[in-house]
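Asker: Please construct the entire structure, taking both the sequences and the accompanying hints into account.
2 protein chains.
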Amino acid sequence: MTIPSPAATSHAGAPRNSLTLRHLGIHTYREKVLFMRSDCHICRSVGLTVQSRVLVALAGRSLVATVNMVGAELLGNGEAGLSEAAWDVLEARPGDTIVVSHAPPIESLSHLRAKVYGHRLDDDAMREIMADIVAGQYSDLHLAAFVTACAGDRLDTSEVVALTRAMIDVGTRLTWPPSTVMDKHCVGGLPGNRTTLLVVPIVAAAGLTIPKTSSRAITSPAGTADTMEVLAPVALDREAMQRVVEREGGCIVWGASVGLSPADDVLISVERPLDLDSEGQLVASVLSKKAAAGSTHVVIDMPVGPTAKVRSSEAAARLGAELQKVGHAIGIEVRVLVTDGSQPVGRGIGPALEARDVLAILRREPDAASDLRARALQIAGSILEFSAEVPPGTGLALATRILDDGSALEKFVAICASQGGMREPPHAAHRRPFAAARSGRVAQVDNRRLARAAKLAGAPQAPAAGIDFLAPIGTIVEHGQPLFVVHAQAPGELAYAFDYLDAQQDVVKLEDAA
Amino acid sequence: MTIPSPAATSHAGAPRNSLTLRHLGIHTYREKVLFMRSDCHICRSVGLTVQSRVLVALAGRSLVATVNMVGAELLGNGEAGLSEAAWDVLEARPGDTIVVSHAPPIESLSHLRAKVYGHRLDDDAMREIMADIVAGQYSDLHLAAFVTACAGDRLDTSEVVALTRAMIDVGTRLTWPPSTVMDKHCVGGLPGNRTTLLVVPIVAAAGLTIPKTSSRAITSPAGTADTMEVLAPVALDREAMQRVVEREGGCIVWGASVGLSPADDVLISVERPLDLDSEGQLVASVLSKKAAAGSTHVVIDMPVGPTAKVRSSEAAARLGAELQKVGHAIGIEVRVLVTDGSQPVGRGIGPALEARDVLAILRREPDAASDLRARALQIAGSILEFSAEVPPGTGLALATRILDDGSALEKFVAICASQGGMREPPHAAHRRPFAAARSGRVAQVDNRRLARAAKLAGAPQAPAAGIDFLAPIGTIVEHGQPLFVVHAQAPGELAYAFDYLDAQQDVVKLEDAA
Chain C
20 MTIPSPAATS HAGAPRNSLT LRHLGIHTYR EKVLFMRSDC HICRSVGLTV QSRVLVALAG
80 RSLVATVNMV GAELLGNGEA GLSEAAWDVL EARPGDTIVV SHAPPIESLS HLRAKVYGHR
140 LDDDAMREIM ADIVAGQYSD LHLAAFVTAC AGDRLDTSEV VALTRAMIDV GTRLTWPPST
200 VMDKHCVGGL PGNRTTLLVV PIVAAAGLTI PKTSSRAITS PAGTADTMEV LAPVALDREA
260 MQRVVEREGG CIVWGASVGL SPADDVLISV ERPLDLDSEG QLVASVLSKK AAAGSTHVVI
320 DMPVGPTAKV RSSEAAARLG AELQKVGHAI GIEVRVLVTD GSQPVGRGIG PALEARDVLA
380 ILRREPDAAS DLRARALQIA GSILEFSAEV PPGTGLALAT RILDDGSALE KFVAICASQG
440 GMREPPHAAH RRPFAAARSG RVAQVDNRRL ARAAKLAGAP QAPAAGIDFL APIGTIVEHG
500 QPLFVVHAQA PGELAYAFDY LDAQQDVVKL EDAA
Chain W
20 MTIPSPAATS HAGAPRNSLT LRHLGIHTYR EKVLFMRSDC HICRSVGLTV QSRVLVALAG
80 RSLVATVNMV GAELLGNGEA GLSEAAWDVL EARPGDTIVV SHAPPIESLS HLRAKVYGHR
140 LDDDAMREIM ADIVAGQYSD LHLAAFVTAC AGDRLDTSEV VALTRAMIDV GTRLTWPPST
200 VMDKHCVGGL PGNRTTLLVV PIVAAAGLTI PKTSSRAITS PAGTADTMEV LAPVALDREA
260 MQRVVEREGG CIVWGASVGL SPADDVLISV ERPLDLDSEG QLVASVLSKK AAAGSTHVVI
320 DMPVGPTAKV RSSEAAARLG AELQKVGHAI GIEVRVLVTD GSQPVGRGIG PALEARDVLA
380 ILRREPDAAS DLRARALQIA GSILEFSAEV PPGTGLALAT RILDDGSALE KFVAICASQG
440 GMREPPHAAH RRPFAAARSG RVAQVDNRRL ARAAKLAGAP QAPAAGIDFL APIGTIVEHG
500 QPLFVVHAQA PGELAYAFDY LDAQQDVVKL EDAA
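First to last, the sequence lines map onto chains C and W. Every letter in the first sequence is one number past the one before it in this note's numbering, and letter 411, counting from 1, is 430. Every letter in the second sequence is one number past the one before it in this note's numbering, and letter 352, counting from 1, is 371.
If you're looking for bench data, these hints aren't it; they were derived computationally from the structure. Source: prediction; values computed, not measured. Beta carbons are placed, not taken as given, at the ideal position from N, Cα and C, and that holds for glycine. Hints should not be assumed to be uniformly reliable.
Per the computed footprint, the stretches of chain W lying under chain C, defined by three or more beta-carbons under 8 angstroms from a beta-carbon of chain C, are [what the hints assert, rightly or not]:
1) 77–91
2) 292–302
Quick partial rundown of chain W residues pointing at chain C, CB under 10 angstroms, derived from the structure [said to hold, decoys possible]:
3) V69
4) D172
5) F405
6) V496
Answerer: Put into structure tokens, the structure is as follows:
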């Protein structure tokens with residue numbers, strides 16, 4: 020560590036390792052990067068090279084960054100730049116003076132190495148790792164190593180509990196007046212499965228508390244937060260969220276803006292490009308967010324199907340048992356509903372199209388999607404039965420009543436108003452049907468490729484973009500009849516989706532309608 | 020994949036996903052980065068975000084890069100930039116037009132995932148992974164995941180053999196006229212252990228072939244290539260190296276410039292910041308480089324000590340056995356010499372100081388470092404005994420004779436001349452002794468912290484910088500007597516080394532001289 024000593028000060032009196040900031044505006048996602056000139060005096064005297072980890076200090080704030088070198092094209096003598104992530108954390112302004120020194124060693128890396136070598140991690144070790152991760156001490160390489168070392172079956176239940184507790188401890192935790200706080204979660208992978216927007220108003224209309232935080236899309240065409248945002252603002256801070264829940268008993272807000280389980284957000288940013296399924300990390304991710312949200316009772320919707328995230332009933336049973344064990348250890352009662360994951364739910368895939376489906380159900384329109392409605396009622400009924408006042412076996416009937424008598428719609432409108440005002444979903448500027456190449460009966464639907472096409476069409480960045488799916492399994496179609504309609508805001512995006520779809524076989528598989 | 024279709028062309032006739040290059044001069048080490056404006060039309064239509072992996076094509080060449088977003092400060096409308104690594108591979112010039120599309124899926128990632136989940140990898144799987152790594156398909160996250168999944172004891176011997184073969188196969192392999200080609204390797208961690216510069220001339224002077232490729236420092240104050248470069252050029256290409264070996268029987272060149280085992284270079288670039296010791300990867304790294312260099316017989320110097328890389332004789336035995344087993348499988352005879360790794364070898368630590376030690380031994384100066392001389396003779400003698408003409412037990416005497424009669428010096432001078440001309444080591448501009456804080460006997464020396472101080476003093480970037488170590492274990496010193504002298508080219512670097520040393524306890528540990 021460089022504690023400025025007399026020898027560390029130049030004759031001009033300024034610390035010899037100071038540089039003047041220039042704003043470069045380079046977005047590197049979450050990674051904090053310091054851009055220095057390769058011929059900079061600090062690089063020479065401190066022995067920095069590309070990929071060195073350095074401590075950057077500015078007016079009382081500091082962070083650890085990775086060094087990238089640039090030439091005289093971008094920086095003058097004595098200047099440095101920062102990636103936007105680092106710029107924001109340091110609250111930097113052009114012309115500010117930063118002080119650069121070697122990053123202190125990261126003590127928790129010894130735990131990371133121990134895990135890589137096959138040792139078990141206890142509560143303290145997990146907490147130290149999560150604290151360093153949230154503090155931005157880990158480089159992307161370190162994060163990838165941690166995620167890899169924990170993937171597969173490398174975390175036993177006690178380690179998953181330790182990881183979950185650590186993720187809760189390094190973030191903030193909401194508290195609510197009632198002793199029972201409801202929540203739901205869907206283990207992803209099923210396009211259009213937007214039950215949350217129905218479950219929350221039903222449960223809140225029944226007088227229970229359900230402060231729901233949802234995520235935006237990570238790899239899917241829409242996250243629940245994206246779909247809700249079509250209808251009402253979701254980027255509420257903690258105080259605003261609390262006001263909504265106090266008034267209405269429930270909310271549907273974007274979890275990241277509330278700042279729950281920040282460690283999870285960092286880990287997900289690495290898990291996604293690595294595409295590593297880790298049961299332990301999935302359990303810790305889900306339950307740490309629920310605990311941080313202050314939830315005590317959670318229903319988990321677990322769709323199972325050949326192209327869903329969970330692909331067999333054995334895998335569902337194992338994952339469900341782990342969720343219940345870890346939930347028990349951290350004080351959350353978990354109920355798991357294994358559901359059909361063989362095809363999209365509802366019709367819309369993409370924020371606006373999914374929002375349209377939800378509104379049709381709440382408004383009891385005759386052609387509303389019955390599969391989405393049935394799933395939402397099943398989940399809501401299961402949550403209602405957590406209440407001592409709802410006898411086992413009566414939850415579904417109660418949920419149905421609340422939906423059918425308009426109470427759920429009324430509550431949803433009230434929640435939207437409380438979150439900042441309700442609006443109607445937009446319509447896409449361009450639409451094009453995808454026609455059946457033959458006549459027959461729909462035998463199989465590839466959720467993943469449908470989702471990919473919806474993303475190529477622009478979802479979720481363009482909320483109106485996506486896919487309107489018309490041919491659930493069992494539908495009899497004629498040659499040339501539309502299987503689904505692609506919605507896009509730009510002709511180029513429509514073309515992209517069709518370039519992709521035209522190169523695929525059997526996104527919707529047809530068999531002879533014997 | 021984006022095959023340009025009629026719909027994929029704008030009305031102006033240019034592919035809609037083309038951008039004009041601007042040179043930004045950003046060095047990101049090996050990582051290939053495409054800098055795009057976040058409001059760029061391609062980002063919108065293709066759905067790219069920060070961290071997306073894209074295929075960048077330019078005039079018949081292409082590569083896969085990671086997307087970073089920038090603002091209008093750096094790029095105009097329709098412009099893109101590249102990291103220097105990508106710029107060089109594409110042989111780009113400012114104003115060139117690139118075409119950007121989604122990167123094709125990386126098939127070998129399924130093998131990587133299998134390894135993460137605990138499955139064994141066979142020859143084909145390892146070869147596919149190494150081929151994709153050398154082709155630059157893996158992001159740093161993927162590389163970190165691979166290194167982590169193989170760390171600890173996660174590769175069995177057959178997998179290490181498969182990895183070694185794969186690393187050989189994806190690079191080029193040198194061939195030499197003789198059927199026996201000698202080589203040596205030191206399993207790192209011991210400052211100053213520069214035996215190669217003595218072993219090569221002794222073995223070559225005996226008429227054997229020893230085409231030695233060495234590395235530059237990775238985490239140490241000097242690699243063998245850095246030390247040799249003080250005395251002669253080392254960045255020879257393959258043809259130049261072959262001419263030197265044909266003429267002199269031996270050489271000491273920088274391995275990276277010859278392009279052997281390129282996969283190893285990529286893996287090391289990730290292993291280093293992760294600081295993960297992996298026995299399997301160490302074995303594959305060492306032996307793939309030897310096989311690629313065309314070697315058939317290798318002596319491995321394995322220093323064992325509390326602050327060396329190998330810390331116990333059990334660990335040495337296990338690693339030695341693995342090296343021999345894998346060597347046997349790929350047709351290399353391996354002999355392991357377990358040596359003392361408790362303290363630095365010779366006196367100098369840093370390129371020029373180590374070169375000075377080597378020259379003193381070759382020139383048979385009376386005060387030359389006897390420990391370095393003895394180790395070099397032991398290794399050279401062991402290599403000589405690989406020859407059918409050198410009976411077992413006579414190698415050491417033969418090596419000693421070749422050194423003592425001046426043949427080794429003569430050969431070394433000839434090799435230097437053949438590599439481009441010999442020169443004398445430089446002297447540092449600034450020196451400062453580090454004094455004993457008490458009287459006593461030297462009981463223990465911390466190799467790692469001495470090496471760190473030598474690096475802070477500027478080694479190896481400043482070849483004359485480093486540490487001259489004066490107090491081997493057992494030396495009796497008075498209070499205030501120098502334990503070592505720090506050499507630096509700049510006063511600031513001298514101060515850095517002392518800032519660090521003054522904050523340490525017992526880099527050289529003294530005990531009562533009873």
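Asker: Would you mind marking each hint as holding or not holding in the structure?
Answerer: Status of the hints after comparison with the structure:
{"no.": "1", "hint": "77–91", "verdict": "holds (count 5)"}
{"no.": "2", "hint": "292–302", "verdict": "holds (count 4)"}
{"no.": "3", "hint": "V69", "verdict": "holds, 4 angstroms"}
{"no.": "4", "hint": "D172", "verdict": "holds, 7 angstroms"}
{"no.": "5", "hint": "F405", "verdict": "violated, 35 angstroms"}
{"no.": "6", "hint": "V496", "verdict": "violated, 26 angstroms"}
Hint compliance for this structure: hints 5, 6 are broken, all remaining hints hold.
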